[in-house]
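Chemist: Each chain, letter by letter, is given below.
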Amino acid sequence: DAMVIQNPRYQVTQFGKPVTLSCSQTLNHNVMYWYQQKSSQAPKLLFHYYDKDFNNEADTPDNFQSRRPNTSFCFLDIRSPGLGDAAMYLCATSPHQGEQYFGPGTRLTVT
Amino acid sequence: SQQGEEDPQALSIQEGENATMNCSYKTSINNLQWYRQNSGRGLVHLILIRSNEREKHSGRLRVTLDTSKKSSSLLITASRAADTASYFCVGGAGSYQLTFGKGTKLSVIP
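Line order of the protein sequences matches chains A and B. Counting from 1, position 103 in the first sequence corresponds to residue 103 in my numbering; the numbering is continuous, with no gaps. Every position in the second sequence, counted from 1, becomes a number in my numbering once 111 is added.
One chain only, chain A, in its complex shape:
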């Protein structure tokens, strides 16, 4: 039944050590998104894909990269995590401009 799956749910990484978060979907939606949500703040869009077309938000740090090898999977790579990158990372999908379907999130801790 799971529609948007994120793995792992909790990730601990060391300062400066690259980390990859993954997202998969069973909805066959064209669009996939990555959001960052820090404690008690609103989710903030990092980037989105329309099919393989990548769209980066202007203020997304270069430290954050993404890959979408196929319709079902999307990855978030943080090349050199800093303490300020500790957050919940949310993946979402949508078939069009409209409602988005979110995964449960991956909580990233940086030590």
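Hints listed in this document are in silico derivations from the structure and should not be mistaken for laboratory results. Don't be surprised by glycine CBs; every beta carbon is placed ideally from N, CA and C. Heads up, a few of these hints could be off.
[To be verified] Listed below are several chain B residues computed to face chain A (Cβ distance under 10 Å; list not exhaustive): (1) 114; (2) 141; (3) 142; (4) 144; (5) 154; (6) 170; (7) 213.
With chain A fixed as given, assemble chain B onto it according to the hints.
Modeler: Chain B alone, transformed into the frame defined by chain A:
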């Protein structure tokens, strides 16, 4: 998208009471969406109301939209402890991006 500003920032009610949250936005929209986020979890889409609609219902949820006032409200009737969450509104304006506001934090006391 159009960031919504939710009001109040926090709301505490007794179980069984109704909860009303308001949302304002600044520019024209095609639709307005409400999302819920339980503590430490992902967001769940609740309801979408199009700009040519004035009211929409879904179960215990009632959403109104007043485009002349650039405002929307979300009413949850007969609240339950499980409704405790943060609620966000977002205006859709013909793009894929959603810009979330700070939300309304609803606490339903059993």
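Chemist: Decide, hint by hint, whether the structure agrees.
Modeler: We went through each hint and held it up to the structure:
1. 114: Given a least distance of 8 Å, the restraint on residue 114 of chain B holds.
2. 141: Nearest chain A Cβ about 8 Å off; hint holds.
3. 142: Hint holds; residue 142 of chain B Cβ to chain A Cβ min 7 Å, cut 10 Å.
4. 144: Cβ of residue 144 of chain B sits 6 Å from chain A, so the hint holds.
5. 154: Holds, because the Cβ-Cβ distance from residue 154 of chain B to chain A comes to roughly 4 Å (cut-off 10 Å).
6. 170: violated, 16 Å
7. 213: holds, 5 Å
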